[in-house]
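Enquirer: In case you want the letters, here they are:
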Amino acid sequence: MNEVTLIFGMFLATFSVRYLLFAVAGRVHFPPWLNTALGFVPPAVLTAIVLPAVLMPNGELWPSLANPWLLAALVAAAVALVRRDLLTTILVGMATFMLLRFGFGL
Amino acid sequence: MTTTDYPLAERRRQEFVAGARATIPLIVGAIPFGILFGTLAEPSGLSALGALAMSLIVFAGASQFIALGLLTAGAAMPVIIATTLVVNLRHMLYAANLVPKIRHLPQRWRIPMAFGLTDETFAAVSNRYLQQEDSRELHWFYLGSFLAMYSNWVLCTALGVGLGKMFPDMTRWGLDFAMSVTFIGMVVPYLRNTPMWAAVIVSGAMAIATAGMPHKLGLMVAAICGIAAGLSLHLLKRRGEMTKHEQPAVKHGEETGG
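Just so you know, the protein sequences line up as chains H and B, in that order. Per the numbering used here, residue 1 is the first one in the first sequence, and the count goes up by one each step. Per the numbering used here, residue 1 is the first one in the second sequence, and the count goes up by one each step.
Among the clues, some could well be false.
[Claimed, not checked] Covered by chain H, according to a simulated footprint, are these stretches of chain B (three or more residues, beta-carbon under 8 Å):
1) 50-56
2) 90-101
3) 143-156
4) 228-242
[Unchecked claim] Residues on chain H that point at chain B, a partial pick, calculated with CB under 8 Å:
5) Ala13
6) Thr36
7) Ala37
8) Val50
9) Ala53
Because the hints were derived from the structure by calculation, they are not lab data. Using N, Cα and C, we set each Cβ at its ideal position, and we do this for glycine too.
Build the full structure now, drawing on both the sequences and the hints.
Expert: Following this line, the structure appears as structure tokens:
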């Protein structure tokens, strides 16, 4: 496969999606309800990425505390709720995951 | 340069540095992810140079991983490019969210900002916009966040390509969990009211329900359902408040478009 064409194609697909609304930003004004709706975008999108990743790490639903992805995610969420500090959340979450996975061999 | 330029230049420099600094935690989460991309490239059939070029030119973490998966599966090039487009549709939601903040900027700013519109920079920047009323110089904050994220992504890809040659089994270490844990840390601060909880719960449940859809389309379906749930609850709560006070609570003219 021609890597140059592949990368250029992927660039166009990525950049056009990101730039389209920026390009016309001076001319579009959203109705107020749409602005409210867009405020829900970050948590909705991020949750839709994370939940399948931790509940279905191998492609099948695994809702058990023996699932290290899920258990470490719950620990990270608890840390985030208490501390509200991103760096602590990431470090504790990763440490928990590594410990479960390689310390206890889950 | 007049005397009034100096404080402005200083303000811009401060915003730039603040943007880069606010992105550091997100970079910590992205490091394992970038390294993993580099290590996976060659086993998936993408050359070392191709992996670096992809990080430099495409700069879209999730799409780059999916492209590797599709390359391994032997997918045709149009399929990979179309999938990239679909996976990146969420960035259009991000762009829509930022439109009111970038309206005053010329295209020479909007183009690099669009190129740098990742999950992480969007999170850092929208957090800043929430905290600060005056957003005229915040594009410097954006630039700081974008360049910190970008240089880290390219460096980690290079590091991963090198490490992948040394430790071929690195791909099974679970480094991809770093992205999940970063996103969890990004979502939790939003959970301050019922509509936000509703958006997150509906979106998460729908993401599981639609996980079988091709090309990660379920991601968009789930996000839109979550947004709809949050918006409905927000509007219902508002209506409830209005009837309680027996008078229309028109704030900033927000009710006019509903």
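Enquirer: Please go over all the hints and tell whether each is borne out by the structure.
Expert: Verification of the hints:
Only when three residues or more bring their CB closer than 8 Å to a CB of chain H does the claim for the region 50-56 of chain B stand; here the count is 3, and the claim holds. Look at the region 90-101 of chain B against chain H: 11 of its residues bring a Cβ nearer than 8 Å to a Cβ of that chain, three or more, so the hint holds. Interface restraint, the region 143-156 of chain B with chain H: violated (0 residues with C-beta to C-beta distance below 8 Å; minimum three). Residues of the region 228-242 of chain B with a Cβ under 8 Å from some Cβ of chain H number 5, which satisfies the need for three, so the listed coverage holds.
Here the hint on Ala13 of chain H is kept, as its CB sits about 4 Å from the closest CB of chain B, short of 8 Å. Given hint, Thr36 of chain H at the interface with chain B, holds; its Cβ is 6 Å from that chain's nearest Cβ, closer than 8 Å. Hint status for Ala37 of chain H: holds, given a least beta-carbon distance of 5 Å to chain B, under 8 Å. Of the supplied interface hints, the one on Val50 of chain H holds, with its beta-carbon coming within about 5 Å of a beta-carbon of chain B, less than 8 Å.
The beta carbon of Ala53 of chain H comes within 5 Å of a beta carbon in chain B, closer than 8 Å, and the hint placing it at the interface holds.
Hint compliance for this structure: hint 3 alone is broken.
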